[in-house]
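Protein chains in written order, with our numbering: chain A, 1 to 291; chain B, 1 to 292.
There may be inaccurate statements among the hints.
Unchecked claim - Selected chain B positions facing chain A (in silico; Cβ < 8 angstroms): (1) L22; (2) G86; (3) F91; (4) I110; (5) A165; (6) T177.
Unchecked claim - Between beta-carbon pairs, the in silico distance windows are: (7) B:L202 with A:N153: 54 to 62 angstroms; (8) A:P67 with B:D197: 55 to 63 angstroms; (9) B:D197 with A:L61: 52 to 60 angstroms; (10) A:E187 with B:L27: 34 to 42 angstroms; (11) B:G102 with A:R280: 12 to 20 angstroms.
Hints listed in this document are in silico derivations from the structure and should not be mistaken for laboratory results. Don't be surprised by glycine CBs; every beta carbon is placed ideally from N, CA and C.
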Amino acid sequence: MSEAAVPYAAEAPARRRRNPAAAFVLRRLPHLVLIAYCALVLVPIVWVMTASVKTRREVFLEPLGLPAEAQWGNYANIFESGFHHYIWNSVIVTVGSVVPMVVVSIMAAYALARRVFIGRGAIYVLIVLTYAIPVHSILVPLYRMVDDMGLLNTHLGLILPHIALGIPFSVVILYSFFLDFPSELEEAARIDGCSPWRILVAIVLPLSAPAVLSVVIFQTVSVWNEFLWASIAASGEEARVWTTGIMQFQGEYSSDWPKILAVVNLMTLPLLAIYIVAQRHFVRAFAGIGK
Amino acid sequence: MAATIRRRHGTGFDLVMIAPALALFGLFIVWPAVQALVTSLHAEPTRGGGFVGVANYRDMASDPVFWIAMKNNVLFILCNLVFQVGVGTVFAALIDQGIRRGSTVIRTIIFAPLVIAPVAIGVIWAMLLEPNFGLVRQTFNATGLPFPRQGLLGNPDLAFASIVAVGAWNYIGFMMTIMLAAMQGIPRDLYEAARLDGSSPLQTFWNITLPGVRGALILCALIVVVGSFKTFELVYVLTRGGPGNTTQVLGTYIVEAAFQLFRPNYAAGMSVVVLVVAILFGSLQVWSGRRA
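Please construct the entire structure, taking both the sequences and the accompanying hints into account.
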């Protein structure tokens, strides 16, 4: 914020003839528009933070004020109502989905990008074609299948479809990264007698960290935030995750906004904090989509 | 060279590499997709489940709610293109060309809603838009603007627009960030040349900025088209497709048909329609990738 205020070059000539007051407003217009929009983004976020420690009365009567006394009890209620089980389930499902998803996607993307085998082109096209399919386009058969396997209301019943649905995206991004990867390194290693496994693990992977990190961030956020499949396949208590838990919570405490917002805040703040610290990686992870 | 690799290691390595992804993908995506098509050609289990040909698809063609959902999905795509890509691009240009101070803070804030879960965003905005006590109602009252009695989400004419607005709140920063990265890649001397030619800021935006970010615009449009077509959470949490089905989208209607109306095979038929469109988008991706 301490950068010198360099006069902006492109605006000077066009506005030379206007009166100074209008010129001032015009010059400030970009700032005004953006700051107004920032307020629009911040007000709901700040509202959630403050409302989560208010009494029900304060939420309705003084929506923008600070609470007379912070009601930390709203947070204690999260544990009393057992919500932490749902958070734990989310952690298991997210880690259990993202790790194998990324491993099998790296393997597949590397083989597709580097190796020559029959059906390679067809497999890649099939994977890309399905990258846009939403879970609701296969919802009913998937539900029947997971039911037949006896996996409803289990972690595995969420994890397996999450892995599968994440594969096309991950493969597409990693594939394009491996294609751009200089193959001379691998050639040299091969001539030195490295096995293809060692080439992948010891040479390609360490240099692929940015692409892998992008995929991991993107898929972690996606699985952590997933709601639809979880609401269908884990509607019971056992494997319920935080997104479906929050809807349950909302139903139970419908008029007790502070209690609901405490959960929302607890689930939102950590991700926001990680994003602010690792902003560059987040932006790259999300903007890498479709490349 | 490739031939050497194959001869030396055989295809065992390739098979091991590709098999796990392919197995999971085949079992949990391709097979259900085929099943969706097969079951959509059968009667509902409660009615014997016999083969009925395209009867479910004929029902769909005469089901007004299906067409509302279809229309809303298309409208979502169009509105989101205008509000997310359009406004995101304008904001990016404002930051790129008009701002020296505080641009990092502004970028961080505007991007932030993207990392909030859609369900949480829905819960938050459902409260802000609540018809009696919501902050939006209180703001309307304070400024003397008339507020619809059923609230914005309960009003058939305003509910859809409200969801679009919340979606824009969620994604504008994302689009802005992609566009800004592209704009920062435009050589500065082009702007200098335009300035010397006496071009106005609007002309500069139109003649230099926009042509310079064509690739990023296509990427943003693709992301928004695919994302809007997948819309589920925001609609589900904010309106459940109501009032009176006016905000129904294919995602919410498929879930309702399958699990509330107990017409799973009819729902499977609708999901086949979604599948076909999604695969069309996928081929768009292949095509745009080939061109790039």
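Hint check:
| no. | hint | result |
| --- | --- | --- |
| 1 | L22 | holds (7 angstroms) |
| 2 | G86 | violated (14 angstroms) |
| 3 | F91 | holds (7 angstroms) |
| 4 | I110 | holds (6 angstroms) |
| 5 | A165 | violated (10 angstroms) |
| 6 | T177 | holds (5 angstroms) |
| 7 | B:L202 with A:N153: 54 to 62 angstroms | holds (58 angstroms) |
| 8 | A:P67 with B:D197: 55 to 63 angstroms | holds (58 angstroms) |
| 9 | B:D197 with A:L61: 52 to 60 angstroms | holds (58 angstroms) |
| 10 | A:E187 with B:L27: 34 to 42 angstroms | holds (36 angstroms) |
| 11 | B:G102 with A:R280: 12 to 20 angstroms | holds (18 angstroms) |
Checked against the numbered hints above, the structure breaks hints 2, 5 and satisfies the rest.
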